[in-house]
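Student: Sequence:
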Amino acid sequence: MSFELKPYTAPDFKLPLFEEAPNATLVPAPKDTVAPEGYHAMSIYPEYFKIDGQWLLAEDSRMDCVAIYENGRILVVEFRLIKEGDLIVCGRTEDAQEGIFVHTDGFGAASKPSENFAFRLGRSRETAFSREYDELYELLQYERDHGYVVWVMGPAFSFNGYSRTAFSKIIEAGYVDAVFAGNALATHDLEGAYLHTALGQDIDTQENRPNGHYHHLDTINRVKYHGSIAKFIEEENVQDGIMYALEKNNVPYVLAGSIRDDGPLPPVIGNAYEAQGAMRDHIRKATTVICMATMLHTIATGNMTPSYRVLDDGTVRQVYFYCVDISEFAVNKLTDRGSLSSRGVVTNVQDFIANVAKGLGL
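Under my numbering, think of the first position of the sequence shown as 284, with each following residue one higher.
Do not take every clue at face value.
[Stated by the list, open to error] Below, in silico cross-link-like pairs of lysine-lysine (DSBU-like), each with a Cα-Cα straight-line distance of 30 Å or less:
| id | residue 1 | residue 2 |
| --- | --- | --- |
| 1 | Lys616 | Lys641 |
| 2 | Lys289 | Lys366 |
| 3 | Lys366 | Lys568 |
| 4 | Lys289 | Lys452 |
| 5 | Lys507 | Lys531 |
| 6 | Lys452 | Lys568 |
| 7 | Lys514 | Lys568 |
| 8 | Lys531 | Lys616 |
| 9 | Lys314 | Lys289 |
| 10 | Lys641 | Lys568 |
| 11 | Lys514 | Lys452 |
| 12 | Lys568 | Lys531 |
| 13 | Lys568 | Lys289 |
| 14 | Lys289 | Lys641 |
[Claimed, not checked] Computed Cβ-Cβ distance ranges for the label pairs, DEER-style:
| id | residue 1 | residue 2 | range |
| --- | --- | --- | --- |
| 15 | Asp485 | Pro290 | 46 to 54 Å |
| 16 | Gly597 | Arg375 | 27 to 35 Å |
| 17 | Asp335 | Leu298 | 39 to 47 Å |
| 18 | Thr292 | Asp564 | 26 to 34 Å |
| 19 | Arg356 | Thr292 | 37 to 45 Å |
| 20 | Phe301 | Asp564 | 27 to 35 Å |
| 21 | Pro313 | Pro550 | 33 to 41 Å |
| 22 | Asp485 | Gly368 | 22 to 30 Å |
Keep in mind that the hints were calculated from the coordinates and are not lab data. Virtual Cβ for every residue (Gly too), placed ideally from N, Cα, C.
Taking the hints into account, I'd like the entire structure generated from these sequences.
Tutor: So, in structure tokens, the structure goes:
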């Protein structure tokens with residue numbers, strides 16, 4: 284296998300730019316959930332802060348959060364988690380002149396066109412994605428042994444029997460470390476296993492079943508009767524599907540609720556901030572994130588995913604981020620985040636997951 288991670292190059296802190304820089308300004312938070320005026324907001328890139336003459340890397344980052352200095356470390360915290368008195372880094376420049384340095388080219392500068400005018404610089408339905416597929420196969424094979432892969436899924440997978448089977452094979456083969464989804468993906472996948480329909484439509488023939496519009500509600504009701512998805516699978520003798528594969532292989536999942544949810548299923552987290560916290564617990568470990576056909580959950584996940592991860596041995600490595608959607612708008616919105624590692628693929632996600640399964644030899 285030829286896949287290799289790009290090496291990370293830290294800034295040379297012996298340069299005058301860094302040695303002559305002042306210490307970062309630390310200001311106590313005036314109230315719970317309130318940052319002081321002039322607070323510094325984090326980005327997706329590695330960021331360093333000069334504290335008592337030493338440049339410290341924020342090891343666990345997230346964009347649109349604040350940097351707090353505590354016990355010799357830089358912590359990155361959501362505004363809602365700020366406590367009165369927290370020492371928050373203040374400053375709006377990013378080039379070391381205020382003791383803050385945002386390192387945008389640690390994995391190599393982003394490639395730029397040699398000419399100011401050129402065709403086909405974006406990602407669209409006319410783009411050939413064969414290279415992205417080949418890179419993804421190698422990446423997933425590497426990550427199975429060395430990383431933590433989070434998959435973010437919309438309900439489209441549950442409407443087709445083959446795509447359910449393809450992703451189940453990917454789970455079984457060990458390429459999935461966590462899944463983020465909503466009530467709909469889990470509901471319709473379980474409906475497919477329980478009644479062979481998704482929203483009342485046969486998952487193989489796409490024919491509508493009599494009273495099929497009741498099927499997802501009947502499924503939710505039955506899961507609630509058993510008290511959990513795991514118990515439903517056991518008691519109703521479910522033998523296939525995405526949720527079945529996740530439960531069977533002890534792969535964690537986060538189901539984040541929304542206002543439109545029916546039911547919902549027992550494990551769905553209705554409180555948005557609790558769901559955000561549960562998702563971030565996995566993103567803190569993630570080295571590859573693959574978002575597919577769910578703009579809501581993709582944007583939420585993208586907003587909390589940095590471009591790097593600091594491993595247990597101190598190594599700084601790249602985080603790979605994929606956005607797969609049949610909508611060019613959804614793909615380009617995420618890839619425009621500026622992440623050096625982001626990849627956009629414009630395609631039908633059922634076809635995408637089938638190709639990935641085949642490419643991995645499953």
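Student: Does each hint hold? Answer for all of them.
Tutor: Now the hints, each set against the structure:
no. : hint                        : verdict
1   : Lys616 - Lys641             : holds, 28 Å
2   : Lys289 - Lys366             : violated, 37 Å
3   : Lys366 - Lys568             : holds, 25 Å
4   : Lys289 - Lys452             : holds, 29 Å
5   : Lys507 - Lys531             : holds, 19 Å
6   : Lys452 - Lys568             : holds, 23 Å
7   : Lys514 - Lys568             : holds, 29 Å
8   : Lys531 - Lys616             : violated, 35 Å
9   : Lys314 - Lys289             : violated, 42 Å
10  : Lys641 - Lys568             : holds, 27 Å
11  : Lys514 - Lys452             : holds, 22 Å
12  : Lys568 - Lys531             : holds, 22 Å
13  : Lys568 - Lys289             : holds, 18 Å
14  : Lys289 - Lys641             : holds, 26 Å
15  : Asp485 - Pro290: 46 to 54 Å : holds, 51 Å
16  : Gly597 - Arg375: 27 to 35 Å : holds, 29 Å
17  : Asp335 - Leu298: 39 to 47 Å : violated, 19 Å
18  : Thr292 - Asp564: 26 to 34 Å : holds, 29 Å
19  : Arg356 - Thr292: 37 to 45 Å : violated, 22 Å
20  : Phe301 - Asp564: 27 to 35 Å : holds, 33 Å
21  : Pro313 - Pro550: 33 to 41 Å : holds, 38 Å
22  : Asp485 - Gly368: 22 to 30 Å : violated, 60 Å
The structure fails hints 2, 8, 9, 17, 19 and 22 (numbered hints given earlier, in ascending order).
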